[in-house]
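Peer 1: Below are the chains, spelled out letter by letter.
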Amino acid sequence: QSALTQPASVSGSPGQSITISCTGTSSDVGGYNYVSWYQHHPGKAPKLMIYDVNNRPSGVSNRFSGSKSGNTASLTISGLQAEDEADYYCGSYTTSNTMVFGVGTKVSVL
Amino acid sequence: QVQLVESGGGVVQPGTSLRLSCAASGFTFSTYAMQWVRQAPGKGLEWVAVVWNDGTNKYYADSVKGRFTISRDNSKNTLSLQMNSLRAEDTAVYYCARDGYSYGRGTDYWGQGTLVTVSS
Numbered sequence: 001q002s003a004l005t006q007p008a009s010v011s012g013s014p015g016q017s018i019t020i021s022c023t024g025t026s027s028d029v030g031g032y033n034y035v036s037w038y039q040h041h042p043g044k045a046p047k048l049m050i051y052d053v054n055n056r057p058s059g060v061s062n063r064f065s066g067s068k069s070g071n072t073a074s075l076t077i078s079g080l081q082a083e084d085e086a087d088y089y090c091g092s093y094t095t096s097n098t099m100v101f102g103v104g105t106k107v108s109v110l
Numbered sequence: 001q002v003q004l005v006e007s008g009g010g011v012v013q014p015g016t017s018l019r020l021s022c023a024a025s026g027f028t029f030s031t032y033a034m035q036w037v038r039q040a041p042g043k044g045l046e047w048v049a050v051v052w053n054d055g056t057n058k059y060y061a062d063s064v065k066g067r068f069t070i071s072r073d074n075s076k077n078t079l080s081l082q083m084n085s086l087r088a089e090d091t092a093v094y095y096c097a098r099d100g101y102s103y104g105r106g107t108d109y110w111g112q113g114t115l116v117t118v119s120s
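Chains A and B are the protein sequences, given in the same order.
110 is the number that my numbering gives the last residue of the first sequence; the numbers go up by one with no jumps.
120 is the number that my numbering gives the last residue of the second sequence; the numbers go up by one with no jumps.
Fair warning: there could be bad hints in the mix.
[Unchecked claim] Stretches of chain B that chain A covers, calculated by requiring three or more beta carbons in the stretch to come under 8 Å of a beta carbon on chain A:
#1 40-46
#2 65-79
[To be verified] Computed list of lysine-lysine pairs in DSS-like fashion (alpha-carbon distance at most 25 Å, straight line):
#3 B:LYS43 / A:LYS44
#4 A:LYS47 / B:LYS58
#5 B:LYS43 / A:LYS106
#6 A:LYS106 / A:LYS47
#7 A:LYS47 / B:LYS43
[Stated by the list, open to error] Selected chain B positions facing chain A (Cβ under 8 Å, derived; list incomplete):
#8 ARG19
#9 ALA23
#10 GLY106
Everything labelled a hint here was simulated from the structure, so no lab data went into it.
Heads up, the beta-carbon is just placed ideally off N, CA and C, and yes, glycines get one too.
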């Protein structure tokens with residue numbers, strides 16, 4: 001159950017697009033279309049942004065989109081806004097019937 | 001609206017036990033798998049355990065297997081986590097969370113968390 005690999009930090013200017021990668025193995029990310037993404041502001045409850053690789057829950061801005069290729073999933077934030085500054089985590093179902101999260105990526109808006 | 005409220009956190013000594021509870025409201029509790037996720041100070045999210053909607057299946061992270069037990073009472077809309085043989089590395093904020101789309105696809109509601117500190 002090793003954590004999924006994410007870049008420690010990603011930054012961008014307002015209005016730009018950024019992409020966060022999430023790399024796992026064929027036993028998790030690559031094995032199922034069950035990748036999710038979470039936004040976490042410190043001290044608050046995490047918020048689901050993407051489920052099933054590329055689906056947005058009701059109420060989540062369409063500036064957030066997800067994709068997957070092989071063992072790597074990605075979250076793209078377009079039209080970056082100050083309120084997007086937060087920690088982002090990917091999550092995946094695994095062949096062991098468990099879940100695994102990524103190590104987290106700090107997004108900074110310059 | 002969906003609400004998940006954790007309780008039971010506190011400061012305990014290594015080797016002792018603690019029981020966390022999560023009171024759920026605003027949805028049909030018995031139709032959703034429920035999870036515990038934790039975050040140690042300065043660290044990322046770590047999945048802990050899941051229990052299916054009817055309580056028949058339970059799965060655990062290797063780091064807690066054999067020490068923690070997840071359970072639920074659908075008649076009381078309550079999720080629990082019994083934590084035994086606690087270690088310093090179990091110190092974390094523990095979140096109760098709902099699997100919104102069936103297990104593994106996405107955790108759509110989270111509580112505010114309860115802090116567990118294991119220290120002598």
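Peer 1: Decide, hint by hint, whether the structure agrees.
Peer 2: Results of checking the hints against the structure:
A stretch counts as covered by a chain when three or more of its residues have a beta carbon under 8 Å from one of that chain; for the segment 40-46 of chain B and chain A the count is 3, and the coverage holds. Counting residues of the segment 65-79 of chain B whose CB lies closer than 8 Å to any CB of chain A gives 0, so the stated coverage by that chain is violated, three being the minimum. Simply put, LYS43 (chain B) and LYS44 (chain A) have alpha-carbon atoms about 15 Å apart, close enough for the 25 Å limit, and the pair holds. As the CA atoms of LYS47 (chain A) and LYS58 (chain B) are separated by approximately 24 Å, the hinted pair is consistent with the 25 Å bound.
A distance of roughly 12 Å separates the Cα atoms of LYS43 (chain B) and LYS106 (chain A); the hinted pair therefore holds under the 25 Å criterion. Of the pairs offered as hints, the one joining LYS106 (chain A) and LYS47 (chain A) holds, with about 15 Å between alpha carbons and a cut-off of 25 Å not exceeded. Between LYS47 (chain A) and LYS43 (chain B) the CA atoms are separated by roughly 17 Å; this keeps the pair inside 25 Å, and the hint holds. Below 8 Å, beta-carbon pairs count as interface contacts, and ARG19 (chain B) has none with chain A, the closest being about 21 Å; its hint is therefore violated.
The restraint placing ALA23 (chain B) at the interface with chain A is violated, with a minimum CB-CB distance near 15 Å, outside the 8 Å limit. Here the hint on GLY106 (chain B) is kept, as its CB sits about 3 Å from the closest CB of chain A, short of 8 Å.
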